[in-house]
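Visitor: What follows is each chain in one-letter form.
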Amino acid sequence: MRLERRLAWRNVWRNPRRTGLTLAATVFAVFLVVVFVAMGAGVHEKMIEDSVRIHSGHLQVSGEGYLEDRTLEQSVPFDARLDRAIRETEGVVGVAPRLVAFGLLSKGSATKGVALFGVDPEREPSVSTLPERLVRGQFLPAGATRPIVLAERLARSLGADVGDEILLYSVAYTLENAYDLFEVSGIIALPEPELDRTLAVIGLADAQAFFVYGDRVSEVAILASDADRIPAIHADLASALGSVAATPVEVHPWNEVMPELEQFIFIDDAGMYIMLVILVVVVAFGILNTILMSVLERTRELGVMLALGLPPSSIFRVVYLESMILAAVGLAVGLALALPVVLWFQGHPIPITGDAGNATAAFGFEPVVTFKLKPLNPLGSALTIFGVAALAALYPAIKASRARPVDALRSL
Amino acid sequence: MLEATDVTKVYDTRGVETRALDGVSLRVDAGEFTALAGPSGSGKTTLLNLFGALDAPTAGQLRLDDQQLDQLSSAQLARLRLQQLGFIFQAYNLIPVLSARENVEFVMELQGVPAAERRERALAVLHEVGLGEIADKRPLEMSGGQQQRVAVARAIVSNPRVVLADEPTANLDSKTAAALLDLMEEMNREHGVTFLFSTHDPMVIEKARRVVRLRDGRVVSDEQREAESA
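Protein sequence lines correspond, in order, to chains G and B.
According to our numbering, the first sequence holds residues 1 to 412 in order.
According to our numbering, the second sequence holds residues 1 to 230 in order.
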């Protein structure tokens, strides 16, 4: 085996230019695979985080069938037992009960349909970034009488600003008309234009009183300590809440609440992986070509070794090892170059400016490119490229080992 | 020792049959210094390859001592080549990524000889063929004559029963060829190594103590000579 290793190592370097070119292609592929996978993971994780911190939370507890119909009838009685059961679930770091409904807001002659969020101002920051998006005034200050926070575009279209009184109309849980005056306490700016045109936020207690909803809520948004823990929390809550909730409830992870986001990420990932597969296949052919050329050039030399008594299995191992050395060196150098780049960008997101930035913001996402290095990325990239190289190496190795010494010796 | 009985070898190249050997019978005994002579296409390299267990005859029998070669598996033939035969080819016969010493050690390494003993024996043989100074050089750094001498050293270092040399002087100038022949003759005389070589080089034929002439795949003459004075 020592002889085989020595022969393989020296054979790899006997044509430095050809080996260098193959290595360069492998390094380039490894670099691109690691960087693109990290970028995909970072961008998608940021999309998910941006979305869950505005909309759903990582998980959501809601009444049976709420996701399909979203009516006030599908409510969750949010009592102390349910609250404690959710908060005490391992991995849960934030719990925010909400009442979500629709209504009309009027100021003067302007009237707009709105998505109304009734939130607990004390608990909402533990899950969402809505309070952080305040650009003027205060976010539902304690002691104020029926404060309301308007999204910026909505406020502009109503001609309303901090301190103005506006009228909210809707239909209560009792199916009676509900209307009351609210005072604008603050303006928030949301990246997603559609939401920025329609969102109004009031206190949860005011919302429950307005809709005659008692202690019920539409949904309970939950923030996990880590996105990776979502499946475990989901399973724990699904089994625990059945016996705690007064009426049947459902627990949904973010991807069930926002399936369109998951689909977008799937399609985006698919496009990226198709490109990376093409890249890896090109590298495999590069290695195959290099080793095959090298075997064809050495036909007589292999014949001499067979004639001298080197067994065909050793010839196979020598040629196979050559491919593996090429792949391993390419991987090592590629990872050594890619990992620092990814780690640097992980701490330094790249801002997207101009039209691309505006387009990103229009979808409700912060216009930055973020990177996230997960252990599976370099490991998976290494295993994939190594695996493909191992497959590509089989043909030249088998071809070399099947040579008959007399044919090989006649080849020149 | 080496014996061919009524050996025929037919090559089939895309349906065209070529009879390279046609009923050849020949016996080579231990200690011989024998040349297979003849023009190109006479069958001398084919016969050498058959004796070297590198190829199988179409008909007839080949024996090395009491072993009938056509009854051995490819693994047994590989072991036989490793343990009992030494080879010298025309050219390009050293492994380019190994130094002169490593080339000489190659067969011993396959035989499982311990590293220290390998090294000692390889250096001793290299000194014997006059190449002690270039033991660490690779083939590309050596002249053609030096490469063939390393090949001779590699062929004899593991004490094979017989060394088969296929036109060993074909790519050498006359002075280098003469020196190589002297070396092989010395190995034969001093160490009793049996040499069987194919050649059409008159100088080699002149040195041989037995000359078997082939033409169109048949033995046309078998001439025994007296050894030259030492």
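Among the hints, erroneous ones may be present.
[Claimed, not checked] Quick look at which bits of chain G chain B covers, simulated, 3 or more residues with Cβ under 8 angstroms:
1. 295-305
2. 367-380
[Unchecked claim] Below, a sample of chain G positions facing chain B; criterion: calculated Cβ distance under 8 angstroms:
3. Leu-3
4. Val-281
5. Leu-308
6. Leu-409
It should be emphasised that the hints constitute simulated quantities derived from the structure, not laboratory data.
Computed from a prediction, not measured in an experiment: that's the story for all the values here.
Where is the CB? At the ideal position from N, CA and C, for every residue including glycine.
Visitor: Decide, hint by hint, whether the structure agrees.
Guide: Hints versus structure:
no.	hint	result
1	295-305	holds (count 4)
2	367-380	violated (count 0)
3	Leu-3	holds (5 angstroms)
4	Val-281	violated (30 angstroms)
5	Leu-308	holds (6 angstroms)
6	Leu-409	holds (7 angstroms)
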